[in-house]
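Enquirer: Given next are the chains, with one letter for each unit.
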Amino acid sequence: MLGKCLDNVRKNTPLVHNITNYVTVNDVANILLACGGSPIMSDEPEDVEDITAICGGLNINIGTLNQSSIKGMFLAGKKAKELDHIILLDPVGAGASKLRTDTAVRLMDEIGFTAIRGNISEIKTLALGSGTTRGVDADVADTVTEDTLEGAVSFVKDFARRSGSVIAVTGAIDLVSDGDKCYVIRNGRPEMGRITGTGCQLSGMMTAYLVANREDLAEAAAAAICVMGLAGEIGWDRMQSGDGNSTYRNRIIDAVFNMDAQTLDKGARYEVR
Amino acid sequence: MLGKCLDNVRKNTPLVHNITNYVTVNDVANILLACGGSPIMSDEPEDVEDITAICGGLNINIGTLNQSSIKGMFLAGKKAKELDHIILLDPVGAGASKLRTDTAVRLMDEIGFTAIRGNISEIKTLALGSGTTRGVDADVADTVTEDTLEGAVSFVKDFARRSGSVIAVTGAIDLVSDGDKCYVIRNGRPEMGRITGTGCQLSGMMTAYLVANREDLAEAAAAAICVMGLAGEIGWDRMQSGDGNSTYRNRIIDAVFNMDAQTLDKGARYEVR
Amino acid sequence: MLGKCLDNVRKNTPLVHNITNYVTVNDVANILLACGGSPIMSDEPEDVEDITAICGGLNINIGTLNQSSIKGMFLAGKKAKELDHIILLDPVGAGASKLRTDTAVRLMDEIGFTAIRGNISEIKTLALGSGTTRGVDADVADTVTEDTLEGAVSFVKDFARRSGSVIAVTGAIDLVSDGDKCYVIRNGRPEMGRITGTGCQLSGMMTAYLVANREDLAEAAAAAICVMGLAGEIGWDRMQSGDGNSTYRNRIIDAVFNMDAQTLDKGARYEVR
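Chains as they are written, first to last, in this note's numbering: chain A, 52 to 324; chain B, 52 to 324; chain C, 52 to 324.
Hint data in this document are derived by calculation from the structure and do not stem from the laboratory.
Any given hint could turn out to be false.
For chains that are exact copies, the list does not tell them apart, and a pair is met inside one copy or across any two.
[Unchecked claim] Straight-line distance between alpha carbons at most 27 Å, and here's what the computed DSSO-like set of lysine-lysine pairs gives: (1) Lys122 to Lys149; (2) Lys132 to Lys122; (3) Lys62 to Lys130; (4) Lys149 to Lys55.
Isolated chain A (complex conformation) (with noise of 0.2 Å):
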């Protein structure tokens, strides 16, 4: 059962250290901190690998990347690498520029992740692009529905075996693999498309939930996406005439600041193949 991922995560409070971009961090610390983290935000190359030390994870976004916080991801994944923490990146925009494509590729090449989590077109795009997953087929059509579920469930296996990382696929359905089994989820509203940054605070609340459920990954890294799609849907009823998608940011927060395990266990729809 995903609750008690939740249970261990309030537990342990997890310490996330966050390279990430400026425009959701806010976000990002206040739902680590809704779901019972701690988040520490540092890019500087030469603060990183203090600040990472002293965590259980490192959560590398690549939004708004500057020279500066890359050469920082690098310096923070080595040292976490090192200290066998877990490292989960967030390929933001990997397909749209020359320079977050191969910063992304690089990164997966040079330090390997526990895991990866973005949208299908980012994901592919790193499957195509890494040396260490040539061969990867990414021939999958560019959303994940009904009809190309069986495809996007082979691609992200197939991917996750390759990469030796636990590949989560976020969108209208969500997919988790870590290689084996492949957790299938329809949480979640559309709506929630309509904030900036839902996929970077689920990004970071995932790295928080990995670390303190490090026997299982792919459950955690499940239990993490269920949380959010859950929280977007329970947030979504408390909406009231009037109220768009900037109360609908704090309204997701909200709920996960308020999810308990039972709650997730009852609400979370997901099936594994």
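Assemble chains B and C onto chain A, guided by the hints.
Expert: This is chains B and C only, laid out in the frame that chain A set:
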């Protein structure tokens, strides 16, 4: 009617590249999503040309500028110009420091903007400082009131003509001109000044409006200003006892999210001079 | 009475220059506007001296520091000192990394602050590390409770005397001293720790209080702490079923927005030792 400008934004989902300050960037992203646009943020010189190439508009805001982001502004601006994209300048703090004034003036002279939006003091600084606008009579009052309106309208029209940009001066009364006609807008509430970044938000949204309504840029800019001001009125009406500026921020973005063409046409308060 | 400090802020609209982290900067700006101040953010070395010159106070917060912003901190700090402005240091994460500790200590030694605000661990780090405070007895407990209060009060008084700064240690019990008297404050709620940046917000607001109340700096700092803690209590009372930390953040800033002198004087819970 301005309502069709709003519908065009919702129909076309204009993608807007923002090089903007880290203070209000999250609200800029959320208001772009609220109005029906789609935001991307990137300021790294090596990244900005690729990112701006996939967008329809570029919003340059010089709040919290730094040496690296300034380079990014010039590179993105030139690429966007080359691709005939919409380019907007928000000269935050022009006149308050030499670096801000010089950067804004250089950007104006070297790039040439579709539109420039600022308060009267920032716009006067540009009118006085720029080589391409030498001769503009900036001997205009420091606030736009009913008493000083006539002179301000002349100034804005003149500056728009000489600069070749749509000029938007926002304050208690807002003015927008393309050099020919000048919209005089009386939407909004004074309490909006107690929230950080309503100006930055407007600049982001205005860029989306310009992208989706290229056939009449002054009208598009006026529509964005009316949406923002009207959202400020609608949001204020929803305030409850104990609410303050933080909740008001959410209510304004929410009102933009829920705004439709009919509401805009009914609520917009403007005249054309 | 502390209420007059609040009124002085509202009357004088102190302009505060903030060099602060990108995580909580938006909330710092909004709380400064909520309390009656006015925020400007700038960290670029070429920009900071001009910006700080037009302000009354400078708030330096070292969270997410980088090589460029560190240069900005020294340049702005020296200019502000030269102009006899209020200068506050928030040593976020001092003790957690060498760069943060060294930067905070160097800033203390080279600039000299009007006030320093942090948690007990950060303040102890400064007390131990700084040349100007050598000899301070930092053998004090790591949390301030009723049991450890007496030692903590002595430590704060001693550090204030030796450093020449008003020292504010915030936690479950807050302490503020100018070396002579020490305010012991018991406002606030533990749930405030589940929101990112309540400390950063307090530092921003405290800078505004110091600027508007130069005749008694310890009292001004104590007033800001009481406002923040009381806003945390008032905001919590307005929470509804299903609300969480994201809504709580808004409610606290809203409560600062609505606070008046009478409410503050009635709700402030402090003693002077």
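Enquirer: Give a verdict on every hint.
Expert: Quick rundown of the hints versus the structure:
In this assembly of identical chains, the alpha carbons of Lys122 and Lys149 lie at most 27 Å apart whether taken from the same copy (17 Å) or from different copies (18 Å). In this assembly of identical chains, the alpha carbons of Lys132 and Lys122 lie at most 27 Å apart only when taken from the same copy (15 Å versus 31 Å across copies). With identical chains, the CA atoms of Lys62 and Lys130 are at most 27 Å apart within one copy only, with a shortest distance of 26 Å there and 47 Å across copies. For the homomeric pair Lys149 and Lys55, neither the shortest alpha-carbon distance inside one copy (41 Å) nor that between copies (37 Å) is at most 27 Å.
Hint 4 alone, counting from the list given before, is not met by this structure.
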